[in-house]
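As a plain string of letters, each chain reads:
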Amino acid sequence: MSTRNLVLSSLFAAIIVALGMLPPIYLAVFAVPITAQSLGVMMAGTVLGAYRAGAAVLIVLVLVAIGLPVLSGGRGGLAVFAGPTAGFLLGWLVGAVVTGYLSEKLVNAEQSGLVQTVSFFLACFIGGVVTVYFFGILYLGIVGGTGISKAFLGSLAFVPGDIFKAVIAALAGRAVMAGYPLLPQRA
Amino acid sequence: MKSLYVETNTILHRLSPRTKLVALAAISVALFFTRSYVLLAAAAAAGAFSYLLVGLPIREALRRLLPVFATIAAVAVFNFAFNSAEEAIVMLLRLTTLMLFAATVTATVTVASFIDEITALARPLERLGVVRAADIGLAAGLVIRFVPEILDRYAAIREAHAARGLKVGFLTVLAPLIILTLRDADNIAAAIDARGFRRQ
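Residue numbers (UniProt numbering), protein chains in the order written: chain S, 1 to 187; chain Y, 1 to 200.
Hints in this document: simulated from the structure, not taken from any laboratory. You may find that some hints are simply not true.
[To be verified] Facing chain S, from chain Y, some residues (calculated, C-beta under 7 Å):
1) L4
2) F33
3) A73
4) V75
Glycine is no exception: its CB is placed at the ideal position from the N, C-alpha and C atoms.
Generate the whole structure from the sequences, applying the supplied hints.
Below is the structure:
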């Protein structure tokens with residue numbers, strides 16, 4: 001990994017950590033607080049592409065494991081991985097890579113803004129929602145003992161918020177691509 | 001950013017970090033081989049004992065575990081309602097035990113020795129050419145260094161919005177925040193290479 005890519009991944013990891021420290025932004029539409037950390041995971045994919053996004057999320061997870069309170073609400077330490085929702089954290093890693101991979105494949109500079117945004121949304125939805133929930137639900141169903149189908153139903157309540165985040169991440173990915181494109185230059 | 005390490009000097013602190021991590025891994029596997037209430041309750045009690053031994057004030061000790069315990073308890077209630085009471089109790093005891101032992105390891109291993117252990121773990125990967133083990137420490141340092149700066153930048157962007165009478169939205173803040181932050185990457189990379197931190 002070149003020094004530049006290492007720095008880009010580290011800086012994005014810092015952005016994900018910082019997003020967890022901001023006061024949650026309340027959305028008038030849902031009246032629920034949105035924690036921006038999983039949004040950061042999707043944006044890592046849309047902005048950096050698969051390889052560097054995976055590195056960024058891996059750095060965040062390493063920081064959690066070594067005992068720094070970097071997750072939203074000041075959570076951190078190995079105890080976080082003992083929770084029944086730890087599968088979602090593993091899902092972040094794969095989800096960021098999938099989002100990044102699809103962004104690289106689907107989006108290029110010649111497309112119109114609308115096509116770019118829709119493609120970014122698809123990448124965020126498949127990577128940041130479907131993939132993350134796949135791992136989260138699998139882990140919850142097996143380790144949490146709820147069974148896969150009940151874990152699936154129990155998780156559905158959180159899906160609308162995450163789809164909303166995918167929209168935001170797609171728009172942000174498109175805005176960053178217009179202003180400071182990093183995606184086309186591969187590692 | 002303050003780590004969750006607790007600066008006291010107990011028997012648990014003096015054990016080698018590797019011993020504690022291997023023990024934690026062994027416990028986490030062993031817990032899934034039994035469904036006996038007695039064994040699991042004994043394990044949970046042992047976990048609570050080891051966590052108390054660390055020497056955190058009770059209030060702080062509980063406060064740290066509350067968010068994780070809340071998710072464990074929520075899933076236990078879910079199990080109780082939709083599966084069986086047996087499943088709920090087994091899962092509650094297992095994950096609570098795991099949480100307590102994991103919190104004990106986090107409280108008694110410094111960030112520096114954690115990084116040493118991860119670096120040692122990454123050595124075989126380094127031989128395969130996948131990662132450079134020393135980069136892990138560098139990346140961790142960079143994140144800790146830049147989080148406060150990003151928070152300052154976020155505040156500055158919000159103020160710039162306010163000064164112009166604009167509404168502060170997710171989107172209008174995120175794009176400039178990301179661009180301003182990543183634009184520094186070239187300079188930081190050049191500074192790292194100029195100092196020869198990565199010996200290339």
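Margin query: If you test the structure against every hint from before, which numbers come out violated?
Written below: The structure breaks hints 2, 3; every other hint is satisfied.
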